[in-house]
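On the provided structure of chain D, position chain S as indicated by the hints.
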Amino acid sequence: MVLAINADNDGRSKIREYVKEEGLQQKMLLRGDGVGFQQYHIKRMPTVYFVDRKGVLVSRSPGYQDFADLEKSLKSTLRR
Amino acid sequence: MKHLRVESWLSRSGLLASLGSTTILTVLGALFLFLISPSTGWGEEPPVATATWEVRELKGDDESKYTVTIYQVEAPGGTRWIWRAIDPENGTYPGGFPIGSVRLQKRGKPRPELFDPLSPGVTQALIAIHAAVAAQEGDGWADGSAVGIRRNLPVKRRDVAVETGFSLKGSLSVEKLEIRGGKKPLVLTSLEEELHYDEKGGLTEAHWVAGMTRGGEAYPGRELHLVRKEVALLEEEEGKEVQRGFEFLKPVVSVLRKGMSLVAVEMAEERFNKDRKEFAKGPLGEVVKDVEGMLKEIREMASQPLDPDERAKKLLGKAAPDFTLEDLDGDEVKLSDYLGKTVMLAFWGYS
Numbered sequence: 002m003v004l005a006i007n008a009d010n011d012g013r014s015k016i017r018e019y020v021k022e023e024g025l026q027q028k029m030l031l032r033g034d035g036v037g038f039q040q041y042h043i044k045r046m047p048t049v050y051f052v053d054r055k056g057v058l059v060s061r062s063p064g065y066q067d068f069a070d071l072e073k074s075l076k077s078t079l080r081r
Numbered sequence: 017m018k019h020l021r022v023e024s025w026l027s028r029s030g031l032l033a034s035l036g037s038t039t040i041l042t043v044l045g046a047l048f049l050f051l052i053s054p055s056t057g058w059g060e061e062p063p064v065a066t067a068t069w070e071v072r073e074l075k076g077d078d079e080s081k082y083t084v085t086i087y088q089v090e091a092p093g094g095t096r097w098i099w100r101a102i103d104p105e106n107g108t109y110p111g112g113f114p115i116g117s118v119r120l121q122k123r124g125k126p127r128p129e130l131f132d133p134l135s136p137g138v139t140q141a142l143i144a145i146h147a148a149v150a151a152q153e154g155d156g157w158a159d160g161s162a163v164g165i166r167r168n169l170p171v172k173r174r175d176v177a178v179e180t181g182f183s184l185k186g187s188l189s190v191e192k193l194e195i196r197g198g199k200k201p202l203v204l205t206s207l208e209e210e211l212h213y214d215e216k217g218g219l220t221e222a223h224w225v226a227g228m229t230r231g232g233e234a235y236p237g238r239e240l241h242l243v244r245k246e247v248a249l250l251e252e253e254e255g256k257e258v259q260r261g262f263e264f265l266k267p268v269v270s271v272l273r274k275g276m277s278l279v280a281v282e283m284a285e286e287r288f289n290k291d292r293k294e295f296a297k298g299p300l301g302e303v304v305k306d307v308e309g310m311l312k313e314i315r316e317m318a319s320q321p322l323d324p325d326e327r328a329k330k331l332l333g334k335a336a337p338d339f340t341l342e343d344l345d346g347d348e349v350k351l352s353d354y355l356g357k358t359v360m361l362a363f364w365g366y367s
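Protein chains in written order, with this note's numbering: chain D, 2 to 81; chain S, 17 to 367.
Looking at chain S on its own, in the form it has when it is part of the complex:
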């Protein structure tokens, strides 16, 4: 970051000094320096900002951790979050790809732009952050995405005393909520939400813990924990650099995603190598490096025989690639959960 303008930008908004914390709550949306669509009235200067979050996600006993860095930039019709996510411990990317974007519409929910697969975890975290920014005391709605439920959940929030900034605690305002019907209905039995804000009204931490039952029996609950590590406003120039870097990476990542043919990979490589040096120095330099490594890997794969049969033969005799997919009831099924059983995998279509 060349230059931090957080202070000056905030004092220019002229609101901070005159407001107590309760009032701040109600104007939270208008105050917060990042993560907000321009509809809330930024005046002439939309916020170009960056923030890094640590994410911890729990599904039953399954835990995943990663770091997600969000760049907030301008986009037609709203604001765009360009994100990069990485598991710092082993250098892998949640969902398999290091970069993606979400457009924040002026109204309604963030819309993932599907130029590459948004990792479900990352999407969930981004939507959760976005929703928590607008939280208010009293009766309201929590975005269930935070705990893997694609609908709004009724919560009651109250302001609780903390040493610095302020904090909201929320819990499910109904006794239980049926999420999915059927023979074994999935029921949300509890939801605890905790949101922390700094004295400027910026979200610093958000936690959700959900308890569920299925068909009346215990069912693995879900948790999402978000902790903000860094936040900064960006110089206009730097914001543009992020945008340009993203536009540069987008088609390449798209090929990584879809194109397994050698020709497609070579075309992507050519395009990538032409301008790589320029962007390697920019704010997305780390992602450029990631993508370079991925291109090499995928090239190796693409130079192997193109016939899927030939490729598949190499899989035999080795551990079956693991996957997690949803069944018709929306439950996640993981191949490795069936270790100890013989499994027949049938890939099928109607035709």
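Excised from the complex, chain D in its bound form:
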């Protein structure tokens, strides 16, 4: 499951447009009051976290990542 949380407060239509243009498949979530960003100490965008099946936060990758690195994180999370 991929949850993508948008940082901007642009509203649905703009994000929807972007999602369409880029052909994105993830579940897009709105920023809301920003609590999610505080909880997860987001400084740089994008930042990716992996959560395992038990709901434990297992890894964090701030900033742009090589696909290879993300894949590695994903695989190790899936093995848990």
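It should be emphasised that the hints constitute simulated quantities derived from the structure, not laboratory data.
All values reported here derive from a predicted model rather than from experimental measurement.
Hints are not guaranteed to be accurate.
Claimed, not checked - Derived DEER-like restraints, expressed as beta-carbon distance ranges:
1) Ser187/S x Arg80/D: 52 to 58 angstroms
2) Gln27/D x Asn289/S: 42 to 48 angstroms
3) Arg119/S x Leu25/D: 35 to 41 angstroms
4) Gln27/D x Arg327/S: 41 to 47 angstroms
Stated by the list, open to error - Far from chain D by the CB rule (all over 10 angstroms, computed), these chain S residues:
5) Leu202
6) His223
7) Glu253
8) Lys329
9) Gly346
10) Ser352
Claimed, not checked - Part of the chain S face toward chain D, derived, beta carbon under 10 angstroms:
11) Tyr109
12) Glu239
13) Val243
14) Glu302
15) Asp323
16) Pro324
17) Pro337
18) Asp343
19) Leu351
20) Gly356
21) Thr358
22) Phe363
Idealized CB from N, CA, C, for every residue including glycine.
Just chain S, lined up with the frame of chain D:
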């Protein structure tokens, strides 16, 4: 409360004795002693009042309960509700902060003042109370905020017999109402509303139960139940005290909300400690105590390494902090709903 003036204030309005209950319904807005903007003609004395409500909210199987105390005070261009909310069972605050305010405009809907995040639940309850006060028999509109729908819903209300005071029962006046279109339209299929008033025309209870379907299939309904526990007029002096207490707390709470740097927290602390004792005795004393505790907690957090990377490392290996956010369709998505699945969380922006 030093002194209750409810009786004298009401008899002074000179309306109560001469009116039957049906007439009271139509002048409800003008009569009710609290929760009303001054445009309805309070004469020289706007109501400074307080009321405590028990709130129970249901979203599908998710239930939340809290108590909200509202102080109604004067504000430029209208009336302001300063509220404090707490879950009495575990001492937590719905939405994370204990105090906030909503300005009631003379016309239209209450406007949340965003000095701190208004918990969605609290906002919903406040708007619902505000809307229910003006309800009338016959065809009308219910504020959908009560059941999480940000628009007015057509209802038909009728007066039903009760032992004391009077009661209005309302239901959706159309068969169904599409709330959101798209591939899987969200449809409101039922709305039951029940409002109780005391013999003085004051709202004492309000209940809403909404049924919905999404894409033709069952969808978790929503309920909001409000029960008034206490209500009192305040002495003018006490109303001013509430205002002053609120003005004192506002910047501090604002820092709690935004400022995670140690410098910001220390500045807030300094300001808070300077006048804390004075306000601890006032009507918002309980909130002052709450804020004191929060300041301590946040100070601890702020004295940890400032680098988000360092802070974030401490999160790893522990349960992922849970959150509920809306997706593009307006549906709520809760992280913990995906337990049992591996989740990739991507925080992103365009830039």
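(request) Would you pick out the hints that fail for this structure and give their numbers low to high? (result) Of the numbered hints given earlier, those the structure breaks are 4, 8, 9, 10, 11, 12, 13 and 14, listed in rising order.
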